[in-house]
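Asker: Sequence:
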Amino acid sequence: MALFSRRFGLVAAIAAAVAAPAFAQAPAPAPVRGGALTIGVESDFEGFDPIRAGVYSNSTVTAASLFYETLMRLDDQGNLLPALALSMTPNEDGSVWTAKIRPNVKWHDGSPFTAQAVADHFNRLLDPANRFAGRAYLAIDKVEAPDDLTAVFKMRGPNAALPRTLAQPTVVTLIIPVKIAQEKGADYNRNPVGTGPFVFKEWRAADRLVAERNPDYWDKDKPYLDRVTVRPLPDSDARYASLVKGDVQVIWEDRAENIVKAKKDKNLRVLSWVGSGALVIPLNTQREPLNDKRVRQAVSMALNRKGNAAVLTQGLRPVHDDPYGPSSGIECKDTGALKYDPEAARKLIADYGKPVKLTMTVTATPRGREGAQVFQADMKKAGIDVEIKPVDQTQLVKEALSRDFQVTGWRIIDLADVDPQMFANFHSKSPINFSGYNNAEVDRLLLVGRTSLDENKRKAAYCDLIKILNDDAVWLWSGSNIDFAITRANVRGIPALRGGAVQVEGAWLAK
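Residues -24 to -1, 1 to 487, numbered by mature numbering (1 follows the signal peptide of the UniProt record, and there is no 0), are exactly what the sequence shown covers, in order.
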């Protein structure tokens, strides 16, 4: 059992005392209670019932984290901490995990939170009849609740990553009250009820969502804020201007110009998090002409990924040849990445023997348009014509999940373990495999990564996997996954921006 206690944070690790620093530090200022915070995000929210919403963007996770919680949490160093569950422990081979549920937690309507609610939430997502695409992220077979404070996760096979997978807020891990959702029907998607630090007040579509402090929150010290408003502000320059003016106090940001400016402004603070995942350009392997490997390889070799990133992100997002990131611990000596070579790309297109015309679907934002224009210019040098199709983010997600695209912009979000994202995006049976990629050896390697309890075998499988994906040119890695938020100087207590979500359970405003 040493593997679990070292790598996956069992109860002993959770309960261990933090060692005192070896040098004297000034005491941290005590959080200030009260006040209101407004967060500016990139897009409106899909809703708060995962079955109906289908997917949570980082904007939705920011809002949903006000109302919902996960079983476990991760601190800024990646250590597991208790949340709705006090602990999660495995059987000998990791095929069954038992969660001990925190007692005396209540839903916002006053009803008790129990292990049955945990079972109901996950079993609902896993039920094929509900056609929830996000079930591809889970290696769970079913969840049982033998008593009010015990939830038993029965896996499809050995699984070492479950506690960490469930610790980060996502569309699958934020637990909703299924009974209440079923009673309210479609209305629940716009009227969330959870266990979280804030309770829902109002939502004006495309304008604002308002939440107020939960007076019955189980962590009696939190939250510190009285009210939080989340505002969809799709235009990044307008979002930044609102922050500078003081209309909002926190923004999620990805526009390099604004981040660079903020770093020079004494009234602002830039927060960043380097996670796993990547900014990517998926290619639809089921659509002509991208169903031909020669065309995909030509696109890959025609794209000056590193040069473009240096210009578009002003060096803020270096490009790597895999989506694993430093937090995963996976370092591959050989990724099989195809080198930038426009002349070789032209030869592949000539060998293909037909004109190649592509449509690239991107978000109708400055970031989306700039990236598409650079892609278009690179492809032209290789004899590939590209039409740019800008749409709003919600439409882009719908088209991607229905495979109604040729080339698009996407992001593999940061997760605490790479298994859920890699399995969901590239396994042939996954409903989120929107590139339509089908490779038996990739499926086998994904299963090794999911089920092996040997960390070295897992890492080797993911390195073998990336060589195949890069040679087949399924997704192009266009930027590392670094999330940024910019705050007013008096905002404190925002944790690591995992998955790009701005979480404010412990946030407060300095005087």
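Honestly, the hints are just simulated from the structure, not real lab data. Ideal Cβ positions, reconstructed from N, Cα and C, are used throughout, including at glycine. Incorrect hints may appear among the rest.
As the list claims (entries may be wrong) - Each computed DSBU-like pair below joins lysine-lysine, with the alpha-carbon atoms no more than 30 Å apart: (1) LYS282 / LYS330; (2) LYS155 / LYS177; (3) LYS269 / LYS315; (4) LYS177 / LYS237; (5) LYS374 / LYS323; (6) LYS315 / LYS443; (7) LYS330 / LYS309; (8) LYS240 / LYS269; (9) LYS221 / LYS443; (10) LYS76 / LYS118; (11) LYS130 / LYS76; (12) LYS196 / LYS221; (13) LYS221 / LYS239; (14) LYS198 / LYS269; (15) LYS282 / LYS239; (16) LYS330 / LYS357; (17) LYS198 / LYS221.
As the list claims (entries may be wrong) - Restraint ranges, calculated between C-beta atoms of paired labels, are given here: (18) LYS315 / ASP192: 55 to 63 Å; (19) ASN55 / GLY329: 41 to 49 Å; (20) LEU423 / THR74: 22 to 30 Å; (21) ASN67 / PRO366: 49 to 57 Å.
Asker: The structure should be examined with respect to each hint, and the outcome stated for every one.
Answerer: Now for the hints, and whether the structure bears them out:
1. LYS282 / LYS330: Within the cut-off at roughly 29 Å; holds.
2. LYS155 / LYS177: With Cα atoms ~21 Å apart, LYS155 and LYS177 stay inside 30 Å; holds.
3. LYS269 / LYS315: 16 Å, holds
4. LYS177 / LYS237: 34 Å, violated
5. LYS374 / LYS323: 35 Å, violated
6. LYS315 / LYS443: 13 Å, holds
7. LYS330 / LYS309: Violated, because 36 Å separates the two Cα atoms, which is more than 30 Å.
8. LYS240 / LYS269: Violated - the C-alpha atoms of LYS269 and LYS240 are around 46 Å apart, more than 30 Å.
9. LYS221 / LYS443: Judged against 30 Å, a Cα distance of about 48 Å means the pair is violated.
10. LYS76 / LYS118: The hint holds at about 17 Å.
11. LYS130 / LYS76: 15 Å, holds
12. LYS196 / LYS221: 34 Å, violated
13. LYS221 / LYS239: At roughly 16 Å apart (the allowed maximum being 30 Å), LYS239 and LYS221 satisfy the hint.
14. LYS198 / LYS269: Given that 30 Å is the threshold and the Cα spacing comes to 54 Å, the pair is violated.
15. LYS282 / LYS239: Roughly 23 Å separates the two Cα atoms, so the pair holds.
16. LYS330 / LYS357: 16 Å, holds
17. LYS198 / LYS221: 28 Å, holds
18. LYS315 / ASP192: 55 to 63 Å: Holds, since LYS315 and ASP192 (Cβ atoms, about 58 Å apart) stay within the stated range.
19. ASN55 / GLY329: 41 to 49 Å: 56 Å, violated
20. LEU423 / THR74: 22 to 30 Å: The hint (22 to 30 Å, Cβ to Cβ) holds, given that LEU423 and THR74 are roughly 24 Å apart.
21. ASN67 / PRO366: 49 to 57 Å: Distance hint for ASN67, PRO366 holds at roughly 50 Å.
Hint compliance for this structure: hints 4, 5, 7, 8, 9, 12, 14 and 19 are not met, and every other hint is.
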